[in-house]
Amino acid sequence: MEKLQADVVIIGAGVTGTAIARELARYELEVVLVEKEADVACGSTKANTAIVHAGYDAHPGTWKAKLNVRGNAVFPQICRELEVPFKRTGSLVVALEEDQVPHLYELLERGHVNGVPDLEIIGRDELLRREPHLNPHAVAALWAPTAGIVNAWELTIAQAENAVENGVKLLLEQPVIRIEREGDRVRTVCTPDFAIATRFVVNAAGRHSDEIARLVGQEDFRITPRKGEYYVFDRRFGHMAGCPLFPVPTAVSKGILVTPTVEGNLLIGPNAQDLEDKEDLRTTPAGLKEVLTEALDMMPDLPLKDAIANFAGLRAVARPSNDFVLGPASGVPNFINAAGIQSPGLTSAPAVAEEIRDYLQAAGLELNGKKKFNPYRKRLVPFRELSREEQAELIAEDPRYGQIVCRCETVTEAEIVQALHRPVPCTTMDGVKRRTRAGMGRCQAGFCTPRVAAIMARELGLSLDEVTKKGGASQLLLARTKELLLAKGAEAHA
Amino acid sequence: MRKIQCDVAVVGAGPAGLAAAGRAKAAGAGRVLLIDRDRELGGILQQCIHNGFGLHLFGEELTGPEYAHKFIAENQEAGVEVLLNTMVLQVRPDRHLYAMNRREGMLDIAAGAVVLAMGCRERNRGAVTIPGTRPAGVITAGTAQRFVNMEGFMPGRHIVILGSGDIGLIMARRFTWEGAKVEGVFEIMPYTNGLTRNVVQCLHDYDIPLHLNHTVVEIHGRERVEAVTVAKVDEKLQPIPGTERRIPCDTLLLSVGLIPENELSRDARIELDPVTGGPVVSDEMETSLPGIFACGNVVHVHDLVDNVTRESRLAGEGAARLVQGRQPGGPVLATRAGEGVRYVVPHRLHLANLAERETTLYMRVREPAEHVRIEASVGGERVLSVRERVVRPAEMVSVKLPPGSLPADCTGTELTLSVVKEGERA
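If you're matching them up, the sequences are chains C and H in order.
Just so you know, we're using the working numbering here: the first sequence kicks off at 39 and counts up by one.
Just so you know, we're using the working numbering here: the second sequence kicks off at 41 and counts up by one.
The set of hints was computed from the structure by calculation and includes no laboratory data.
It is possible that some hints are incorrect.
Pairs of lysine-lysine residues, derived as DSBU-like cross-links and limited to a Cα-Cα distance of at most 30 angstroms, are as follows [stated by the list, open to error]: (1) C:K343 <-> H:K276; (2) H:K110 <-> C:K327; (3) H:K110 <-> H:K440; (4) C:K207 <-> C:K416; (5) C:K526 <-> H:K221; (6) C:K526 <-> C:K327; (7) H:K272 <-> C:K327; (8) C:K207 <-> C:K409; (9) C:K343 <-> H:K110.
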């Protein structure tokens, strides 16, 4: 086991953990970010609605309310620095029935208290003028111009890359198995391959954050996963919604919405089902039906035949508070929680990172600004977004831009090669997909899988049958041809 | 940006593109350019190493590469120019193509006529919505075929197949030959989606069970597929509770249909037929955009490559005629899918052509039937009636109209194809 020294160990490389890592990278600190999966952004971050909420939804006084509005305000700057696509589309909460209209005014009022700027209620005519595919029976809507859409995993990858470029050490495929204490203080974080002696621990372990807290004896919150299922539609249909279209929310959920994604797909979901099993990422006939039924209520002409994928995500709901759990664990002052980060966790991530930084400082961590901190991160240039002239220039510079690998999304070999050699290691097919969109299109990797796998094998020095979808035992290929026959022949002869 | 001028540009060098390019050249087009995104000519034929190709056209059973080679050789001799590893990004209505490759970068190809021959792609898990987890090991039959036949790797050892499309049936046999275990083929419809000869030669001959009226209702496994749950379905194709059965396996192979690949056509605003998923075409295989032709699986999904070749030769001829200013003018007759017919291709027939040459109409029936007649009628008048002992949705029916078989003046009417039970009158 390798020994490491750190000032801060952050557990969990989702959008929250990487936001904290990037925030701490601004200071002269040894920061280690540990993640159990083969890539960053593999938990709740991977499968959510990717909306930057305005902040009218959370109840005043909660962490959710405070940090949502603060997080939203800094999103444009962060996304500019990290070159993450972010569109401030605004959002609409749509009353489909007359008796829902009072709820819009409640939300408006709540938004005012939370400090959400420029909210307004608009009537049917204006609503249908802006959103012609909306159910024509819609009555009115709450317009929140500060809401937006982002790519949650690209943001997370960008934060992680920027953190690593500024000195944070990232350990992938390292589940935390033990945290050693000395008196009331955490001393060492242990993973299968590393023992990291540290002064502070930040728990950003998503839906497993209660188990991590229990490793240091904290029992006062637990995480119950709340599943949400989604459909994604072909990129031809993203235009059907001009912005996220929410129904009037219920007690447990913001409801099943219809939204464009930053890449131009149309996304519907999520439903909300509380579970016990934290690994239950199944989509179900009942859940998918619920999503479809309610989304059709919002948008009756959904392009049902052009669904390209469905998936499920798990939100990490903290009990009993139902709010974010932020701050030191009771009785363990150098173990700081950033737990229970469910919606609006993506929006709040930048503000959560600042809170955690302040807690660390209050607990005795000295924050000396790093002179060489570079807030900027260069994006992988997406070939498909360029003009024909710019494309021609790129091919002239590097012929690998001339080779299309993913035909649905127009992803070139150059982009895939670059994705494999950036500051955050990318070792899986899903990792390539999240960085380049290869395989995200309407054929869902039918055509490009053999090609991407071949490039990965070549660039990473693997055999083709060592390439995995998402790490672990998720190999794409299980044998060479003739291998099974030879094995059978050997058996027969034995 | 390099500029290229040609008479006919053919997009896609699978069976359709090969036949169209060769025929365009033979019919007198000057510079014919055949463009393909892959590294070799032949398209999907190259991964189809089983035999059975060319039975109708050449009277012999060829493998896919052998069938392709006949046309590759023909093209070479005729002097068709080839651009490989070249992706067409855009087809403009003015017949300019933007394409790119590693060697020459971005190309601006100005063509007198364009033939679209991009083929089709496989429907996948998302298109048919299979609930469950999302592990490795869910793969379409065509992708599996490429891995096994061209790359030398086995995507699985223990396989369940959903859908009875031809590639799935072929792969059931191929996997069995490789020593893998195929548990069975599960088909949601009450009839198979593949050719009868494939059902017999790939399943029956190897004792691989075929379960009609069944579907996969859940995929299990976190990292790799561990099992699937199958269930029987009712007449509305809904799973029947209580009929679920969990089958351990490491791979779910999908053979659930093909979709014509019309992204370029759609971007060019070519009119598409919602039933076929391909362009609306004339008997010259010309689309709604003048000078842009289409043929093969990009127009409608064929079950026999021989038919692709026949249809594509028409497209090649049509393109050559256009650039030589010999296109037929005059009135056209629309075709229509009548009783029991899902679609008819082509959609428009030139009366001038009908008078002069034999015209083949391709159609698919809605459901299997025995002892029927396929009837063609124009303005309520029956013009042709062909007996068929068995018709099945999986097997395309072709109807040949002899030259001059239509009334001289049928302007303003349409030609309807219908399936009629023997003894009944349409």
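Of the numbered hints stated earlier in the document, which are not met by this structure? 2, 6, 9
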